[in-house]
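Participant: Going down the list, the sequences are from chains R and F.
Heads up: the first sequence runs through residues 27 to 349, numbered per the numbering used here.
Heads up: the second sequence runs through residues 290 to 624, numbered per the numbering used here.
Heads up, a few of these hints could be off.
What the hints assert, rightly or not - With a Cα cut of at most 20 angstroms, we get these calculated SDA-like pairs of lysine to any residue:
| id | chain 1 | residue 1 | chain 2 | residue 2 |
| --- | --- | --- | --- | --- |
| 1 | R | K213 | R | K155 |
| 2 | F | K473 | F | L320 |
| 3 | F | K584 | R | I189 |
| 4 | R | K155 | F | R526 |
| 5 | F | K584 | R | L182 |
| 6 | R | K155 | F | Q305 |
| 7 | F | K584 | F | H350 |
| 8 | F | K584 | R | K155 |
| 9 | F | K505 | F | H527 |
| 10 | F | K584 | R | I187 |
| 11 | F | K584 | R | H186 |
| 12 | F | K584 | R | L192 |
Claimed, not checked - Every beta carbon over 12 angstroms from chain F, so not counted as near; a handful from chain R, in silico:
| id | residue |
| --- | --- |
| 13 | Q91 |
| 14 | L123 |
| 15 | L127 |
| 16 | P171 |
| 17 | D172 |
| 18 | I189 |
| 19 | L208 |
| 20 | L209 |
| 21 | R283 |
| 22 | Y305 |
| 23 | Q317 |
| 24 | L320 |
| 25 | R340 |
What the hints assert, rightly or not - Facing chain F, according to a computed beta carbon distance under 10 angstroms, are these residues of chain R, among others:
| id | residue |
| --- | --- |
| 26 | S72 |
| 27 | L75 |
| 28 | L89 |
| 29 | C120 |
| 30 | H124 |
| 31 | L175 |
| 32 | L192 |
| 33 | I281 |
| 34 | V285 |
| 35 | V294 |
| 36 | T304 |
| 37 | V319 |
| 38 | N331 |
What the hints contain is simulated information worked out from the structure, not anything from laboratory work.
Here the structure is a predicted model, which means the values were calculated and not measured.
Using N, Cα and C, we set each Cβ at its ideal position, and we do this for glycine too.
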Amino acid sequence: MLTRLNLITYATALVVIVSLNFLLPRLMPGDPLMAIFGDVALVHMSPQLQESLTERFSLDQTLGQQFIAYWAALLQGDLGYSYYYNASVTKVICGRLHWTLLLAGLSLLLSTILGIVLGIESGWRRGSKVDGSILTGMVALSGFPDFWLGLLLLLLFGVHIQILPLYGAESIYSGLTGFVHLLDIGKHLLLPLIALTLARLTGGYLLTRNAMVGVLKEPYILVARAKGLTPGTIKYHHAGRNSMLPVMTLTGIWIGRMVTGVLFIETVFAYPGIGFLTYEALTYRDYPLLQGVLLMTTACVLAANFIVDILCSRMDPRLSHAR
Amino acid sequence: MLVDHQREMARSRSGQVGIALLLIILLLAILAPVLATQHPLTQTADSFRGPSWKHPLGTNHAGQDIWSQLVFGARTSLLTGFMVAGISTALSAVIGGSAALIGGVYERIITLIVDTFIVIPMILMLILFSIYINPTLDSSILVFINILILFIIILLSFYMILYMGWIGFIIFIPIVFLAFISRKLLSDISIISFIISFVCWQGGARIVRAQTLSLKERPYVSAARKFGAGTGYILRRHILPELGPILAAEFISCVRRAVFLQAGLAFLGIGDPGVVSWGSMISDARDWIFMDVWKTWLVPPGTALSATIVAVTLIGHSLESVLDPRLRDDFYASH
Numbered sequence: 027m028l029t030r031l032n033l034i035t036y037a038t039a040l041v042v043i044v045s046l047n048f049l050l051p052r053l054m055p056g057d058p059l060m061a062i063f064g065d066v067a068l069v070h071m072s073p074q075l076q077e078s079l080t081e082r083f084s085l086d087q088t089l090g091q092q093f094i095a096y097w098a099a100l101l102q103g104d105l106g107y108s109y110y111y112n113a114s115v116t117k118v119i120c121g122r123l124h125w126t127l128l129l130a131g132l133s134l135l136l137s138t139i140l141g142i143v144l145g146i147e148s149g150w151r152r153g154s155k156v157d158g159s160i161l162t163g164m165v166a167l168s169g170f171p172d173f174w175l176g177l178l179l180l181l182l183f184g185v186h187i188q189i190l191p192l193y194g195a196e197s198i199y200s201g202l203t204g205f206v207h208l209l210d211i212g213k214h215l216l217l218p219l220i221a222l223t224l225a226r227l228t229g230g231y232l233l234t235r236n237a238m239v240g241v242l243k244e245p246y247i248l249v250a251r252a253k254g255l256t257p258g259t260i261k262y263h264h265a266g267r268n269s270m271l272p273v274m275t276l277t278g279i280w281i282g283r284m285v286t287g288v289l290f291i292e293t294v295f296a297y298p299g300i301g302f303l304t305y306e307a308l309t310y311r312d313y314p315l316l317q318g319v320l321l322m323t324t325a326c327v328l329a330a331n332f333i334v335d336i337l338c339s340r341m342d343p344r345l346s347h348a349r
Numbered sequence: 290m291l292v293d294h295q296r297e298m299a300r301s302r303s304g305q306v307g308i309a310l311l312l313i314i315l316l317l318a319i320l321a322p323v324l325a326t327q328h329p330l331t332q333t334a335d336s337f338r339g340p341s342w343k344h345p346l347g348t349n350h351a352g353q354d355i356w357s358q359l360v361f362g363a364r365t366s367l368l369t370g371f372m373v374a375g376i377s378t379a380l381s382a383v384i385g386g387s388a389a390l391i392g393g394v395y396e397r398i399i400t401l402i403v404d405t406f407i408v409i410p411m412i413l414m415l416i417l418f419s420i421y422i423n424p425t426l427d428s429s430i431l432v433f434i435n436i437l438i439l440f441i442i443i444l445l446s447f448y449m450i451l452y453m454g455w456i457g458f459i460i461f462i463p464i465v466f467l468a469f470i471s472r473k474l475l476s477d478i479s480i481i482s483f484i485i486s487f488v489c490w491q492g493g494a495r496i497v498r499a500q501t502l503s504l505k506e507r508p509y510v511s512a513a514r515k516f517g518a519g520t521g522y523i524l525r526r527h528i529l530p531e532l533g534p535i536l537a538a539e540f541i542s543c544v545r546r547a548v549f550l551q552a553g554l555a556f557l558g559i560g561d562p563g564v565v566s567w568g569s570m571i572s573d574a575r576d577w578i579f580m581d582v583w584k585t586w587l588v589p590p591g592t593a594l595s596a597t598i599v600a601v602t603l604i605g606h607s608l609e610s611v612l613d614p615r616l617r618d619d620f621y622a623s624h
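The shape of chain F in the complex, shown without the other chains (with noise of 0.2 angstroms):
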């Protein structure tokens, strides 16, 4: 590769604050059964007590301590996040990666189906969906189901790691270590995160398959053809290591609207009611907002998941700009 992008990315400004943002997020989200001082779903008699050593911000109208839902809640919305991106990139490289490399009908098809998805609203389809789409998964299914999710999520850090170095590292090997030692939480949210990837790889997969008809053309590859390279060697050597920085983009954006997607459904009661996240909890606190608890309620979530969303942002927008040539040399490159 021409630029080193993890370079540039770790000496941009936004890039470090951005992943020193997400790192301690996921420390809480690791940590949370030793930080939280209770269950978070269980329900005791002592409902809206202030903040005590017992509840350090207090108990809300259910008696659940409000602490140990917020340090869960940030296992619901990471881990969201990454399968949602996990499975829309994955989706958006086959498909877009596809479509371009085979052409003819199938890449008229496929664009067809890109261009249709994104003119319709996502978020109206999503409530569609979610409404209509809860099935009652038999036990063997989920476990088949856990292990492909799994499975996509290793996969996936792999690639992410390999193409962003220890970047890559030191957020997807917490991130999997996450995935793994809550697989509980991974089957509740499996569902949702399904219908969220179901919206959120057609803006990818557009890209991936205008970076790859592009590639396709340079004068190396070529050169590599008339060498007799074949097409999994053109696709292995040539096409996939230039395509990982914009997957990589793809993936945190892809991050970044399925933390605020999952926050957004849950805000407005769509979601499994037993898995603890931020979005519940300010849509359960907005309920009691004339009464003063909404300083240890209502902040609390909210501000962890803008915090979430501000970190991944950051990230994204590093990334970005040291992407776009047009940009570079910029303020966040230079400083």
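Only chain R is shown next, with the shape it has when bound in the complex (with noise of 0.2 angstroms):
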């Protein structure tokens, strides 16, 4: 069930969003066009296009013409123009997307299945030197940042053991085809999704071990003690499932920030996905398109958001009855 309060937060972030990207452009002093575009971009334009830009956003008349125009572009999924790719950033976003999707959704499968295993073994052995050493690997691993952990993995089996690839989705005009394809863009996937994965098993791995810690003293353990079940029975179908329950919200909280997720993975690989555009679009300073990204961004956190409500009330009866 999503309660009115939830339908309001949310509607009021997109604003914010929405407004933040309209006004902070238009409130800098000087030209609103050098805003928008960056002073880079300004110096190759020519007075034609400066002018057609500038009746396109609006640019002469007052700040309210001006939203008002900025939300009708913006309902019609126009989202501005990329300058430095010479095409509009919708365009550009949705040529980037799929790669994104297979690096994240790869390692939000793997980071969250092995989270919640190691976190169901590692609170079955509360207090042993198994679980002490787990749980101090992950909280010193979850120390590591991102970036330094796929510089890391870089070096070593890039640049020191030269096995795997250093950059790129793919080997770029090499015309392989059919299997040779797949193995390819295996290869150039292995080492971001490792990076990323390691990333993010520390927060799934502790949210499963404190559930399960709590869950083993229930009284319905206990039962299934006295019943004669295997351990290996409580231990995942009693225990486990239960214990599962934090990590599917954390894992829609990571859905939705799958390009912040992938930002700086994506940029220390050159993975072409959404973080490395959004990289590009920042050196570059292209900035309608770093704004495209936010916004999108945003509607993905939403979405993800309201579908793990929903989820989440479904797969555990006690939420909605609570509300």
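Put the two chains together into one complex; each comes in its own frame, and the hints tell you how they fit.
Facilitator: Structure representation (structure tokens):
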């Protein structure tokens, strides 16, 4: 069940982001065109292009009229125009989306499953040497910034041993087809995937372990033991399943934060997804593109939260009764 | 307080390791001018030199001494971390606490703002802010900001020392000292710190509000009220002390996030190029990854950055496991 308050929050978040996107460049002193597109881009623009852009963004009108024009364009799916790529922002983003989906989706799956399994095993053996070393290792792992983890892997496997490619998502101009092409994509994917999975592991692990510690004290675990069920059944069927819920919520948040999550890793490996696109937009000062990414990402976060809210109440009936 | 947090934290192994690591890095930062062989930004013609007595870690593409950059980078990371944590913990406490105490429409508005900001992706917003908000500040304003920051840091340090005992003492006294001896750097990183704090306070405010709401309803508070205690007295005697450990945990987690975000932004090339930082060192070294210099150029700042964040994470983890009653008498508390 979705509460009304949540809907209000989502709407406010969207309005805040759109307004920030609209207001920040326009509140800057000087030519608004320059603030929107950046000084580098403006030098290369012809006067005709400048004029047509001024008209397109209604920059010669009052702020209120501009705001209405801005919303009208947004509602038609027009996120603006990327000067560097010479294409509409929507098109540029859509052209990169599949790489991010591949990388982030796989790592999400891997880190969630690994985190849950490690968390269940660790929580089950709570207080033992195994639990202690997994816990310490995980906490230490979470101290590594993701771009540094990525760089370490890159140095080890790409530079030192030289068995895996240094950058990109596939070998360019190789004309590979079929299975060899897939293998090539897999090879490029491996390092960023490992880095991203390791960087995300701790969150899910800690949540599962903490939930497990709590669940194991519940009476129904005692009943299960008294019934003579095997430890494996109790561990995974009775305790484990109930310890997964907080991780599901976290996974939902991660789905929404996909783009921000992959920002650094994609930058390190020059992996051509949305994260690397953000970095490029920043480097080339392609501000409309940057704002488009921000808006799209916020929309993703909102959608993911919405879905998780619904899924969680389905998975745990207690939640929908509580509201 | 029912539980002696300091003693439990001091006994936990992760707390000990974390504090020791952090103190080593703090020492590096404080002794930076002594340890450095030359000014970290001085460019020389000797580029890409290997390690030698003059340059313990060699030189980079611009002939700058890498070792000197490394030790001065510690100052940037630590000061940004603690400054952001100071500002955003203060914001969390004031905003979250007041929302719980005042209630009504004010509380609802604050809750809405907090929820909204939690939903919006932080890093992208930071990037957007740091592109557009790049003011050239007047020197008189800078002096004012400087004093303000020092004031916040000192005030919070006192608070932390009060509630974290000797652990707070050995961490915060060196930090305040470091802030005093590097006031120039402090004003250089003040803007980025304010921007990072702006996206960091919301989670803390939510926790503080929830805790204050529950504290307000405790029997001993209503008992005190019935004996005629005023709001100020209750705040001072009953609510603020009980918030202490939670604010300390929030502070530590803010330090962790801020150190990471500052390094990340510098890695992406955002920030003042006149400030030496581990993030920008990593970013510079990455462009020369195909040369053999990465062993002395890329690995040291990355290791130092990870060590700092690991240290803070360990301290935070031991604090949290001491605070969470469900996890108490646990591995870390019992060993």
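Participant: Next step is simple, just say for each hint if it's right about the structure.
Facilitator: Hints, one by one, checked against the model:
The straight-line distance between the Cα atoms of K213 (chain R) and K155 (chain R) is roughly 36 angstroms, outside the 20 angstroms bound, and the hint therefore fails. At most 20 angstroms may separate the alpha-carbon atoms for a hinted pair to count; K473 (chain F) and L320 (chain F) meet this at roughly 16 angstroms. Restraint check: the Cα-Cα separation between K584 (chain F) and I189 (chain R) comes to about 19 angstroms, which is no more than 20 angstroms; the hinted pair holds. Taking the CA atoms of K155 (chain R) and R526 (chain F), the gap is about 42 angstroms. The hint is violated against a cut of 20 angstroms.
For the proposed pair K584 (chain F) and L182 (chain R), the alpha carbon gap of about 11 angstroms is at most 20 angstroms, so the pair holds. With a C-alpha separation of about 18 angstroms, the suggested pair K155 (chain R) and Q305 (chain F) falls inside the 20 angstroms cut-off, and the hint holds. At most 20 angstroms may separate the alpha-carbon atoms for a hinted pair to count; K584 (chain F) and H350 (chain F) meet this at roughly 14 angstroms. Of the pairs offered as hints, the one joining K584 (chain F) and K155 (chain R) is violated, with about 35 angstroms between alpha carbons and a cut-off of 20 angstroms exceeded.
Of the supplied pair hints, the one linking K505 (chain F) and H527 (chain F) holds, its CA atoms being roughly 9 angstroms apart against a limit of 20 angstroms. Annotation: proposed proximity of K584 (chain F) to I187 (chain R) holds, straight-line Cα distance about 14 angstroms (limit 20 angstroms). Pair hint K584 (chain F) plus H186 (chain R) holds up; C-alpha atoms about 11 angstroms apart against a cutoff of 20 angstroms. Distance restraint check for K584 (chain F) and L192 (chain R): the Cα-Cα separation of roughly 17 angstroms lies within the 20 angstroms cut-off, and the hinted pair is therefore satisfied.
With a least beta-carbon separation of about 22 angstroms from chain F, Q91 (chain R) lies farther than 12 angstroms from that chain, consistent with its non-interface assignment. Chain F leaves L123 (chain R) outside its interface by the beta-carbon criterion, the shortest separation being 16 angstroms against a cut-off of 12 angstroms. The non-interface label for L127 (chain R) is consistent with chain F: the shortest C-beta to C-beta separation is roughly 17 angstroms, beyond 12 angstroms. Remark: the non-interface label on P171 (chain R) conflicts with the geometry, its nearest Cβ contact in chain F lying 5 angstroms away (cut-off 12 angstroms).
Under the 12 angstroms C-beta cut-off, the non-interface status given to D172 (chain R) relative to chain F is violated; the minimum distance is some 9 angstroms. Every CB of chain F lies more than 12 angstroms from the CB of I189 (chain R), the least distance being 16 angstroms, so the non-interface label holds. Against the 12 angstroms criterion, L208 (chain R) stays outside the reach of chain F, whose nearest CB is about 27 angstroms from its own CB. Distance check on L209 (chain R): its Cβ is at least 24 angstroms (rounded) from any Cβ of chain F, clearing the 12 angstroms threshold; non-interface status holds.
A cut-off of 12 angstroms between C-beta atoms contradicts the statement that R283 (chain R) is not in contact with chain F; the least separation is 6 angstroms. With a least CB separation of 6 angstroms from chain F, Y305 (chain R) falls inside the 12 angstroms interface cut-off, contrary to its annotation. Distance to chain F contradicts Q317 (chain R) as a non-interface residue, since its nearest Cβ pair spans about 7 angstroms, not more than 12 angstroms. Listed as outside the interface, L320 (chain R) is inconsistent with that label: its C-beta sits roughly 5 angstroms from the nearest C-beta of chain F, within the 12 angstroms cut-off.
Once the 12 angstroms rule is applied to beta carbons, R340 (chain R) is consistent with being away from chain F; the minimum gap is 21 angstroms. The beta carbon of S72 (chain R) comes no nearer than 25 angstroms to any beta carbon in chain F, farther than 10 angstroms, and the hint placing it at the interface is violated. Hint on L75 (chain R) is violated. Least Cβ distance to chain F is approximately 22 angstroms, over the 10 angstroms limit. Interface restraint check for L89 (chain R): the shortest CB-CB distance to chain F comes to about 16 angstroms, outside 10 angstroms, so the restraint is violated.
A hinted interface residue such as C120 (chain R) counts as satisfied when its beta carbon comes closer than 10 angstroms to some beta carbon of chain F; here the least separation is about 18 angstroms, so the hint is violated. The beta carbon of H124 (chain R) comes no nearer than 20 angstroms to any beta carbon in chain F, farther than 10 angstroms, and the hint placing it at the interface is violated. Checking L175 (chain R) against chain F by beta carbon gives a least distance of about 9 angstroms; that is within 10 angstroms, so the hint holds. Below 10 angstroms, beta-carbon pairs count as interface contacts, and L192 (chain R) has one with chain F at about 8 angstroms; its hint therefore holds.
Against a cut-off of 10 angstroms between C-beta atoms, the interface hint on I281 (chain R) is violated, since the closest Cβ of chain F lies about 12 angstroms away. The interface hint given for V285 (chain R) is met, as the beta carbon of that residue sits about 7 angstroms from the closest beta carbon of chain F, less than 10 angstroms. Proximity of V294 (chain R) to chain F holds as hinted, the smallest CB-CB distance being about 8 angstroms (cut-off 10 angstroms). Restraint check, T304 (chain R) versus chain F: the minimum CB separation of about 7 angstroms is within 10 angstroms; hint holds.
Hint status for V319 (chain R): holds, given a least beta-carbon distance of 7 angstroms to chain F, under 10 angstroms. For N331 (chain R), the interface hint holds, the least distance from its beta-carbon to any beta-carbon of chain F being 7 angstroms, beneath 10 angstroms.
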